[in-house]
Amino acid sequence: MRGVMRGYITAVDAVNYRMGRIAMYGIFVLMGVLLWSSVSKTFFLPSLWTLEMAQFVMVGYYILGGPYSLQLGSNVRMDLLYGGWSPRRKAWVDLFTVLLLIFYLLVLLYGAISSTAYSLGYWKTEPISYLFGVITGSEEVGRLERSSSVWRPYMWPIKLVMIIGFTLMILQCLSEFCKDVLRLKGEEI
Amino acid sequence: MPYELIATLMFSTMMLMLLTGQRVFGAIGFIAVVAALLLWGDRGGFDIGFAAAMKLMKWYPLLTLPMFIFMGYVLSESKIADDLYKMFHVWMGGLRGGLAIGTIGLMVMISAMNGLSVAGMAIGATIALPELLKRGYDKRMVTGVIQAGSSLGILVPPSVVLVLYAMIARQPVGQLWLAGVVPGLMMATMFIAYIAIRCRINPSLGPVLSAEDRDMPRDEKLRLLRAGLLPIIIFAVMMVPFVNGWTSLVESSAIGALAAFVAAVIKGRMTREVFENSVRNTLGITCMFMWIILAALAFGAVFDGLGAVKAIENLFTEQLNLSPWMILILMQLSFILMGTFLDDTAMLVIVAPLYVPLVGALGFDLIWYGILYTITTQIAYMTPPFGYNLFLMRAMAPPEISLRDIYGSITPFVLVMVLALTLVMIFPGLATWLPEVVYGN
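As given, the protein sequences belong to chains A and B, one line each in that order.
Residue numbers for the first sequence follow this note's numbering, beginning at 1201 and rising by one.
Residue numbers for the second sequence follow this note's numbering, beginning at 217 and rising by one.
To be clear, the hints were calculated from the coordinates, so they are not data collected in a lab.
The beta-carbon is built from N, C-alpha and C at its ideal position, and this holds for glycine as well.
Hints are supplied without guarantee of correctness; some may be wrong.
One side of the interface only, derived from the structure: several residues of chain B facing chain A at Cβ under 7 angstroms [as the list claims (entries may be wrong)]:
1) Gly237
2) Gln238
3) Gly245
4) Val249
5) Gly461
6) Thr463
7) Thr498
8) Gly500
With a straight-line cut-off of 25 angstroms between C-alpha atoms, the simulated PhoX-like cross-links for lysine-lysine are [as the list claims (entries may be wrong)]:
9) B:Lys350 - B:Lys295
10) B:Lys295 - B:Lys355
11) B:Lys526 - B:Lys483
12) B:Lys271 - A:Lys1324
13) A:Lys1241 - B:Lys437
14) B:Lys355 - B:Lys302
Based on the provided sequences and hints, a complete structural model is requested.
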């Protein structure tokens, strides 16, 4: 059991570390898009795509970078009581409360899945099985949702990014959960 | 169940969850989605969490957030502002308490280049503080000076806190920033007046620099003034295109981030380590803010759906028969009180669904309230037991500054800030005048 947990932690942390390191440089992509937007506006015709592109980059930046930020410990906690507890007690409490965090992320993930299914032209109530169907080829893709701007980009790619991001976030939280279990068993993390 | 009761229940469980020390966004998000599922589970309640993500994506000014955070980290990590300190050192050293007054000036300039208080804090604690101590300045006073001065970062434009407030209150960011200018400079002046008066009464707090310390050829002195150009240039390349309407606020923030980056490269300060730290910390802090707002928006959406604000307004005005001003003052007092034990992100979450719509419903100007909110946040930043600035100070200050000194140093400055808060409340024109001049007509 411990071996499995250790293996899981190593694997998930490695994947999310790499993903986060890539997302981290998204700040320069974002900067580039915005700078191009100001240059093109001043000297040529204003670009139509920059505004929404920048928004998509931002979503990728913070959602795909989220698991790495958990690893870095950037997410603030209210440490009125927490700050004074022993490491053991912290691990005990986190063990339970992280499950609530995972529940929140699951609801987000479900919302993302149903919204992606909608963006592929599906309106009924079984988005999860529909998406599986699309992947295996048993379901048809319907009318694709486009953004209502002049540029009219398809919406499904960014929603897919969100699905990936929320999934990685859940995996990372489970990894934190495993770390707490191992800590309570007295192992070094 | 009556809506007031649901609202109270949501709030109290959220506070309980926050006390467990779980990550703030998790605590808030969990309560929000559970409430939504219980209330409207069969009618799209499961969707509220994700709808917040789409709303967040479409809110354009939020893109300034990573840019200003990046700018702040480049400035503080690369320490390109240290000649700026030297400039104030040489030019102000001849006055009683002059170095402390100069430090406030330094903080105002740094505030104009970035939107968080962390950059001012880092530069103040690592560059100014050791010098001030070496020159025999009272350590309590200077610790307070740096903490109070760096908190101006969130009031003087560009300000990240005001960007977040703008999102929640649905107000234009540009106007909010302009509204922060006069109160920010007023508060800086009040700090300076306080330092000057104290040093006049007790000169040992801030001794005049010895003659040889200030002895420097006139040319050298004038050359140091050039350091002051850096913040002016960065501020100008960012704000001139924006004020002239050539670029949007978001595009300007990218120009500012680029300018800070280029300045660090030209000065040869952009080492591998500086680069790594600024890029990584930018991701960490941006993720922290974004995930919290994501959860807070869902929480706010549930509140909107409940019509809880109307109910609470009704409770105050009809049943308790309070005037709008009484309510506002009570709110501000409770806010300062909360600020002493909540951290600033938690405050933002509380102010989001409850205070802002209530202030709007009472007929107050939300731009003006944004400034009150920010000053209160500044106070919260500094007051124990939980102040972001207090923790930063402890991490960055030289070892001879004890925690007692840090806690003890802030009292007079907090009183000055409360006075400033009161002034802005009594004279709303302090905040609303500049945006009216620029945007009016």
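Hint by hint, here is what the structure shows:
Checking B:Gly237 against chain A: minimum C-beta separation of about 3 angstroms stays under 7 angstroms; hint holds. Satisfaction of the interface hint for B:Gln238 is found here, the shortest Cβ-Cβ separation to chain A being roughly 4 angstroms, below the 7 angstroms cut-off. For B:Gly245, the suggested interface contact is upheld, since its CB lies about 4 angstroms from the closest CB of chain A, less than 7 angstroms. For the restraint placing B:Val249 at the interface with chain A, the shortest Cβ-Cβ distance is roughly 4 angstroms, inside the 7 angstroms limit, so the hint holds.
A distance limit of 7 angstroms between C-beta atoms decides the matter here; for B:Gly461 the minimum to chain A is near 10 angstroms, and the interface restraint is violated. For B:Thr463, the suggested interface contact is upheld, since its CB lies about 4 angstroms from the closest CB of chain A, less than 7 angstroms. The beta carbon of B:Thr498 is positioned within 7 angstroms of a beta carbon in chain A (closest approach about 6 angstroms), and the interface hint is therefore held. Hint status for B:Gly500: holds, given a least beta-carbon distance of 3 angstroms to chain A, under 7 angstroms.
Only pairs whose Cα atoms come within 25 angstroms are accepted, and B:Lys350 paired with B:Lys295 is accepted, the gap being roughly 20 angstroms. Taken as a hint, the B:Lys295 and B:Lys355 pair is honoured in the structure, with Cα atoms around 23 angstroms apart against an allowance of 25 angstroms. For the given pair, B:Lys526 sits about 56 angstroms from B:Lys483 by alpha-carbon distance, which is inconsistent with the 25 angstroms threshold. A distance of roughly 23 angstroms separates the Cα atoms of B:Lys271 and A:Lys1324; the hinted pair therefore holds under the 25 angstroms criterion.
Proximity of A:Lys1241 to B:Lys437 is assessed by CA-CA distance (about 42 angstroms); at most 25 angstroms being required, the pair is judged violated. Proximity of B:Lys355 to B:Lys302 is assessed by CA-CA distance (about 19 angstroms); at most 25 angstroms being required, the pair is judged to hold.
Hint check: violations occur at hints 5, 11 and 13; the rest are consistent with the structure.
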